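Q: Since the structure of chain V is provided, determine the placement of chains W, L, R and Y with the ligands on it from the hints.
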Amino acid sequence: MVTVRFRDVAKRFGGQRVLAGVSGELRPGRVLVVAGPNGSGKSTFLNILAGLLRPSRGDVQYLEDDRVLDQEDWYPTLGVAAPDMALYEELTAFENLQLFARLRGVHAHDHAALLEELGLAAAHHHKPLGAFSSGMKQRVKLAQAVLHRPSVLLLDEPSANLDEDGHRRVAGLVTRLRSEAAIAVATNDPREMAWGDASIDLAG
Amino acid sequence: MVTVRFRDVAKRFGGQRVLAGVSGELRPGRVLVVAGPNGSGKSTFLNILAGLLRPSRGDVQYLEDDRVLDQEDWYPTLGVAAPDMALYEELTAFENLQLFARLRGVHAHDHAALLEELGLAAAHHHKPLGAFSSGMKQRVKLAQAVLHRPSVLLLDEPSANLDEDGHRRVAGLVTRLRSEAAIAVATNDPREMAWGDASIDLAG
Amino acid sequence: MTERTWQKSLKWLLGFWLAGVTAAALLWAPAAAGFQGHSFRIVFFHVPQAWVAVLAFCVNLVASLRYLRGRKPLDDVRATTAARLGLLFAVLATITGSIFAKIEWGMFWNWDPRETSIVILLLIYAAYFALRQAVADEERRAALAAAYAIFAFVTMPFLIFVVPRVYASLHPNLVEAARGAVRFKMDPAMRMVLLGALAGFSGLFAWLYTLEVRVARVMAARRAKEEA
Amino acid sequence: MHRSTLLAESLAVLGKEVASELRRRVALNAIGLFAVTTLVAVAYQIGPYGLAEQDRPFLLSALLWIILFFAATAGLSRVFVKEEDAHTAKALRLAARPLAVLYGKLLFNLLLLLALEAIIVPLYCALMGFAVKSVGGLVLVMVAGGAAFAVTSTFVAAIIARASGSNALFAILALPLLLPLLVAVIAGTRAAAGSPELLAVFPALRAVVSLGGVTMVTAILLFPVVWRD
Amino acid sequence: MHRSTLLAESLAVLGKEVASELRRRVALNAIGLFAVTTLVAVAYQIGPYGLAEQDRPFLLSALLWIILFFAATAGLSRVFVKEEDAHTAKALRLAARPLAVLYGKLLFNLLLLLALEAIIVPLYCALMGFAVKSVGGLVLVMVAGGAAFAVTSTFVAAIIARASGSNALFAILALPLLLPLLVAVIAGTRAAAGSPELLAVFPALRAVVSLGGVTMVTAILLFPVVWRD
Ligand code: HEM
Ligand SMILES: Nc1ncnc2c1ncn2[C@@H]1O[C@H](COP(=O)(O)OP(=O)(O)OP(=O)(O)O)[C@@H](O)[C@H]1O
Ligand SMILES: Nc1ncnc2c1ncn2[C@@H]1O[C@H](COP(=O)(O)OP(=O)(O)OP(=O)(O)O)[C@@H](O)[C@H]1O
Ligand SMILES: [Mg+2]
Ligand SMILES: [Mg+2]
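Protein chains in written order, with our numbering: chain V, 128 to 331; chain W, 128 to 331; chain L, 384 to 611; chain R, 5 to 233; chain Y, 5 to 233.
In case anyone wonders, no lab produced these hints; they're calculated from the structure.
Model, not experiment: these values are computed from the prediction.
If a hint is listed, it holds; no wrong ones were tucked in.
Lysine-lysine pairs mimicking DSS-like chemistry, simulated, CA-CA at most 25 Å apart: (1) Lys94/Y x Lys94/R; (2) Lys455/L x Lys608/L; (3) Lys94/R x Lys254/W; (4) Lys254/V x Lys94/Y; (5) Lys254/W x Lys94/Y; (6) Lys94/R x Lys254/V.
To list a few chain W residues with every Cβ distance to chain R over 10 Å, as calculated: (7) Gln143; (8) Gly148; (9) Val149; (10) Val160; (11) Gly163; (12) Ser183; (13) Glu243; (14) Ala249; (15) His294; (16) Ala298; (17) Ile327.
By construction, the Cβ of each residue, glycine as well, lies at the ideal position given by its N, Cα and C atoms.
Just chain V, same shape as in the assembly:
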């Protein structure tokens, strides 16, 4: 179980101030909704939480049983899906999951079951991602984010491009995982905002 604590996180890009001091924490079993209009810094904030971007000010800590983790140890605990993150289009859905499972040291995993939980029918598991529809790609991306049972799950617009059924499945996934992971969801979708136990609004 990992808790992510962020204090006074601020970010500027060149002259533009994007985040102006955000504090709070992600706790296991809870979902934090990060809201705000386009360009308000939601994705930037998640990138900082993931350690992909350095904040201009403030800091982020990962705490496991009150022990502070080194940044190299953040990655194994993390699952991330985001719009600016693509999987490999030359590889099939299955090969993509297999690749990420290998990278994360997950051995016995039933990729097919996970893909079906996310609503991707078996007929598509062995097609290259380049031939997938937008919603099908999004499902594989989500499967990639959760296949190693991360303790910290950062979902940026998780149901972008998804249909009604997809929406429900993602909601189901979040419900299933909330007991074992600290979850942050950045979203523009009013339906997703309802998932949160807490929320941060980056507007203004």
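A: Leaving out everything else, chains W, L, R and Y with the ligands in the frame of chain V:
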């Protein structure tokens, strides 16, 4: 004014049947909503309408004053925005629009006004697209689709990644353009389905 | 003494020193045997220039390493400044060397290993600046440039040791004759002037370097104030 | 509905390529550095003294074109692959005529190549002691060769970008386009080096021009297929 | 939460590179086309009898490596550049340790180079009449040279991918660093050609191996900085 007539359009990819004979037309002043779950063939259908994909069966005709247009003459009439279509990330929003305006032979156009209509503040017009948020990119993509006043507008998930305000602006754009263009919107979003005068459901 | 007057007097001292060394090199140092006319006097400038270039590249290395450890923007400024000065002095050494080569060997350029090595050195640091120019983001620019500088630096010993060993065999007569002649005929007065010139040029480098770093520091402070 | 002229469209594509390169702030201002680096890499191995007198015209001409060919490949190979990798091809496909895309990218490559030649060739002749008897002949060969290379490499780059799956055969198709051209330009350069007569380069020049012409026609006919399907 | 071993991760990255390349063959086509074209054109122009006897071992070795060198440069940078172009770098950055990425991509580039050498070298020897006295020595030099080459190219590829992805920049950054290596491998090839003794290649081999070793260690230390920042 262009009418797009499609008859019994079907598409298979390898063994998989994606579209099974769709007929109908896009008429100026009307919005056709193309609905259906993920992977049902909405984008494939729009690609066929745009002449980017050849149908396995059936045909598509562009009629201008009852004259059938050659396929080379489709492109100048067309405006397209789609999730699998990216603009140039090294170029700024403004440069991207300028490029597409030149390619389409549009001379006197106020790109800034168009971007602002779509809710992209002037401060961002001269930033490279690579530094844009997902919603900001989507707005530029939409601006690119309409800047040459197309007679046929194909919008695939037009408000993907957009916030509430963006949604409203896209709805406004469609309303403004419906008098001069034949519009098709492929969507998973219930709110967008309400825009249509007619709809095709590809489910099943 | 306050810091300012101290610095000012150092500057004057450096000026006098360089003037003295130049005068000694051109007028006082005895003629060396084995050279065409007074051409050997170029050594008093050529060698210190080459030395300062090497010194500057070492400073660049240290600053790059420090940047990667501490991520202080000032270290990046230090690295860039050192690389720029190193490049400048390497170019000067090449020019004086070519003039020397024209007089002694009859050609401006011979692809002798020395010449070749310095050209590669010039290319490497020109590449360093091309890389810097190609990255817009400041932090990333600094980190990538530092990584490249360090990586490049470790290949340099090979440039100096491997290359001449293989290449001397190609045209040994040119190379060995020239180098042998100089090594043996260095008399004490000449050595003194050369050491003086080395010290003077090192001082010149130190002055230029601190000046540029100070300017950069002031600019950074002003920008920080504007942003706040 | 508006229509742009083919010329305007081609220039727009060219402008975009130039702007992207400038934005990446590399190719254009570093072009000299690239030329010099490549040259030194070769000159360094085979200096002016490394060659027996009778080998010089052959070898120096061949080496010069290896360098230029490399420069062309390094600069060009990415123009189309990048559009596919970054998913920008669809927008371009919809907005520009295929031929405008071909011409725009071709012009860009041609400019790049001519600029490179302008730097590389004189430097190479100086550094390698390559005495060219007919400067006029050399210039002719360089310009014609540069143009033919730009055509071929642009077309080949387009093929490589789309060579997945069923198009794999195309890559092999490129070989017979490139090979005779390289042979002809080397022969032309050798002729210019060996004889003060401008006429001496004509046989090779004729080969270069006709190969370039044939490739250009092939490219114009086939490019729409390669690009759109 | 699980952890994979570095080896398993590296192999996973390698496997992914191989699978992707087999499906699209961009790097393979670019490299192969350049190498085969120049090789055949040069062979056609110079041929087995075109060079003075005393220069042959040196010139033929130099020419071989110049071709290999430029061919490789045209394709090796793609491993990192395409991840940035296709926006896949983020997922990889999150899932794999930096060193696994380095090792996986390095191995892939090494395989690419060895494949290239396996095709080009025998072809070259046959076409140019390059008689190599110690085949074992040549193989050693080729393998060690290829490995050392792959290290520097892969590292520089990682840098330019984060700068702009320009191939010209890749050449500018990589060539000067590769020149000492080029000198050593040419010397080694010449030694293998000139003497049936395996021992003859050892001095050059020592230089290649130590250069490869030093750059490898440096790359390992610096790569995380390049990859994650
Ligand atoms: C373009 C031609 C030349 C270039 C680029 C060049 C470059 C250099 C460089 C880089 C050094 C410093 C090496 C070190 O610190 O270890 C150096 C030192 C020196 N050069 Fe030159 N040089 C050139 C021509 C000459 C010529 C023609 C002579 C004399 C005939 C000469 C005599 C010396 C001497 C005496 C030293 C210092 C002592 C030594 O390290 O051997 N140089 N040169
Ligand atoms: N690398 C960068 N360089 C410069 N500016 C950037 C960079 N990344 C993001 N920005 C800017 O930061 C702001 C916030 O971007 P971010 O992607 O975090 O927004 P967001 O809240 O996720 O928006 P959306 O809902 O559209 O995804 C935007 O103005 C964007 O242009
Ligand atoms: N190039 C292709 N090769 C093979 N199959 C393809 C190709 N393009 C699309 N498909 C398949 O066609 C089906 C329909 O895809 P399409 O993109 O049209 O769906 P969609 O209705 O737009 O879905 P979404 O709502 O997710 O965007 C999918 O099963 C997809 O895998
Ligand atoms: Mg976002
Ligand atoms: Mg779709």
